[in-house]
Amino acid sequence: MKKIILVLAVLLLLGGGAAAAWWFFFKPADGAEDVVEAPPEIPSGYLEFAPMVIPLIKEGVVTHHVTVKIVVEVPEGEPLINTERWKIRLRNDFMAELHGLYNYRYFTKEGYATPVIQNRLVIVAQKVMGKDTIRGVELIVENISKPSNS
0 MKKIILVLAV LLLLGGGAAA AWWFFFKPAD GAEDVVEAPP EIPSGYLEFA PMVIPLIKEG
60 VVTHHVTVKI VVEVPEGEPL INTERWKIRL RNDFMAELHG LYNYRYFTKE GYATPVIQNR
120 LVIVAQKVMG KDTIRGVELI VENISKPSNS
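Final position of the sequence shown in numbering that gives the first Met the number 0 is 149; the numbers increase by one with none missing.
Read the hints as simulated data drawn from the structure, not as lab findings. Careful, some of the hints might be misleading.
[As the list claims (entries may be wrong)] BS3-like mimics (lysine-lysine), calculated; alpha carbons at most 25 Å apart, straight line:
| id | residue 1 | residue 2 |
| --- | --- | --- |
| 1 | K68 | K130 |
| 2 | K145 | K68 |
| 3 | K68 | K86 |
| 4 | K126 | K68 |
| 5 | K126 | K86 |
| 6 | K145 | K57 |
| 7 | K130 | K86 |
| 8 | K68 | K57 |
With the hints as extra help, turn the sequences into a complete structure.
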């Protein structure tokens with residue numbers, strides 16, 4: 000009987016502590032609900048890159064050439080101007096990432112413009128420009144061709 004009373008006392012203390020923590024730390028204050036207006040939506044600007052040709056290499060031999068165009072979505076104004084300044088570095092980083100991604104076999108089975116590849120390009124752009132600058136990256140596959148020597 001003493002053990003049951005002791006267990007109930009411990010449970011009551013723990014429950015009381017949890018209720019006090021909720022009351023003081025997590026419960027919203029009365030009348031403290033402030034109305035926060037959303038900031039005005041800044042329109043998007045788009046930066047298009049010239050088409051890039053990515054060779055697909057299998058066992059040391061070029062099997063296909065994939066021509067892609069990348070469009071980066073950023074807010075208009077200062078971020079768009081900065082993106083124009085960083086265009087060469089972005090193009091080089093996109094090219095390096097696509098070379099790495101297109102050599103993985105499972106990407107070519109799913110297609111060349113999957114959401115996984117686009118998410119990786121967003122990550123690359125965010126590393127260069129910052130997380131709040133890039134709204135999206137669109138990858139457009141324009142052409143897939145075999146080289147003349149195959």
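Results for each hint:
1. Straight-line distance between C-alpha atoms of K68 and K130 comes to about 22 Å, which keeps the hinted pair within the 25 Å bound.
2. With a C-alpha separation of about 18 Å, the suggested pairing of K145 with K68 holds against the 25 Å cut-off.
3. Among the hinted pairs, K68 with K86 is consistent with the structure: their alpha-carbon atoms are about 14 Å apart, no more than 25 Å.
4. Annotation: proposed proximity of K126 to K68 holds, straight-line Cα distance about 20 Å (limit 25 Å).
5. With a CA separation close to 13 Å, the supplied pair K126 and K86 stays within the 25 Å bound.
6. Taking the CA atoms of K145 and K57, the gap is near 13 Å; set against the 25 Å cutoff, the hint holds.
7. About 16 Å separates the Cα atoms of K130 and K86, which keeps this hinted pair within 25 Å; it holds.
8. Proposed proximity of K68 and K57 is supported: the alpha carbons are some 23 Å apart, at most 25 Å.
Checked against the numbered hints given earlier, the structure satisfies every one of them.
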